[in-house]
Every structure is written in C-alpha cells, then in structure tokens.
Amino acid sequence: MNIKNMATIGGRLKGLREDKKLSQEQLAKELHLGSRSMVSQFENETRALTIDALLEYSRYFNVTTDWILKGVLAPSFISPKDIEDVTGYTELKELYSSLEDCLLRDVALEQMRALCRLKGHNI
Numbered sequence: 004m005n006i007k008n009m010a011t012i013g014g015r016l017k018g019l020r021e022d023k024k025l026s027q028e029q030l031a032k033e034l035h036l037g038s039r040s041m042v043s044q045f046e047n048e049t050r051a052l053t054i055d056a057l058l059e060y061s062r063y064f065n066v067t068t069d070w071i072l073k074g075v076l077a078p079s080f081i082s083p084k085d086i087e088d089v090t091g092y093t094e095l096k097e098l099y100s101s102l103e104d105c106l107l108r109d110v111a112l113e114q115m116r117a118l119c120r121l122k123g124h125n126i
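The sequence shown begins at 4 in the working numbering and counts up by one.
Honestly, the hints are just simulated from the structure, not real lab data. Keep in mind it's a predicted model, so treat the numbers as computed, not measured. Check the hints yourself; a few may be wrong.
Straight-line distance between alpha carbons at most 35 Å, and here's what the computed DSBU-like set of lysine-lysine pairs gives [as the list claims (entries may be wrong)]:
hint: 1; residue 1: K24; residue 2: K84
hint: 2; residue 1: K23; residue 2: K73
hint: 3; residue 1: K84; residue 2: K122
hint: 4; residue 1: K96; residue 2: K84
hint: 5; residue 1: K23; residue 2: K84
hint: 6; residue 1: K24; residue 2: K73
hint: 7; residue 1: K84; residue 2: K32
hint: 8; residue 1: K122; residue 2: K96
hint: 9; residue 1: K84; residue 2: K73
hint: 10; residue 1: K32; residue 2: K73
hint: 11; residue 1: K122; residue 2: K23
With the sequences and hints as input, model every part of the structure.
As structure tokens, then:
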C-alpha cells in the first residue's frame, strides 16, 4: 500500500480497495454499500464513514477498526503469515516439551540447528 494513502481514513480505505484490485463498484456490491458513489465519497472524505460501513470494511479486509480510523496497527492485527508462524512455533514447543529426557532435547535442538545451517541461517 502506498505510504501516502496511510495519512487519512479515506486514503487507507482506497489503499485497501486498490490492494485487492477492486473497483469502487465491485467493493460497493461486496460490502452492500449501495453504490459506487458511496465508496468514492468515503475515499474522498466527502461523506463520513458510518459505523456499519467501518465494521464491514474491517471484516472484509481483515484489519482493525483502529487501523482504519487512526492508521495504527493494534496488537490484535494478525496476518496469515503471523498465524502460520505461531502455529509452527506452538507445535515445536509442544513436541520439545514432550521430550522428557534432557539428552533427547539436546539432540532435537542440534538437529534444528543443523537444518538452519543447511538453509544458510547462522544460529
């Protein structure tokens, strides 16, 4: 998303739409906003964003209302990549914790380090 778009509510709304390569008309239909002109008015800030529209944008684009209104990423904003990382981390932690023998834990850690070295990561 273009950094200039981040400065205003309308700019953030437009940036979200453009990132999904949607026309104003397509977005109006997706969010049940009535017409293309309503999307245009929100983006150009000639019409105040309603609470219902704010919630629809938030749900549809998977961003927080705080981000739309203030441009602030709240801690509750989690990208699909973040979810994937946390899921993988949680599984690794559970597997590691299930190894009761300290020697087995050391072996598991050394195997992970070896895999990282193979991928070129210095650990």
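Hints versus structure:
no.: 1; hint: K24 x K84; result: 21 Å, holds
no.: 2; hint: K23 x K73; result: 21 Å, holds
no.: 3; hint: K84 x K122; result: 20 Å, holds
no.: 4; hint: K96 x K84; result: 18 Å, holds
no.: 5; hint: K23 x K84; result: 17 Å, holds
no.: 6; hint: K24 x K73; result: 23 Å, holds
no.: 7; hint: K84 x K32; result: 28 Å, holds
no.: 8; hint: K122 x K96; result: 21 Å, holds
no.: 9; hint: K84 x K73; result: 23 Å, holds
no.: 10; hint: K32 x K73; result: 25 Å, holds
no.: 11; hint: K122 x K23; result: 33 Å, holds
Every hint from the earlier list agrees with this structure, and none is contradicted.
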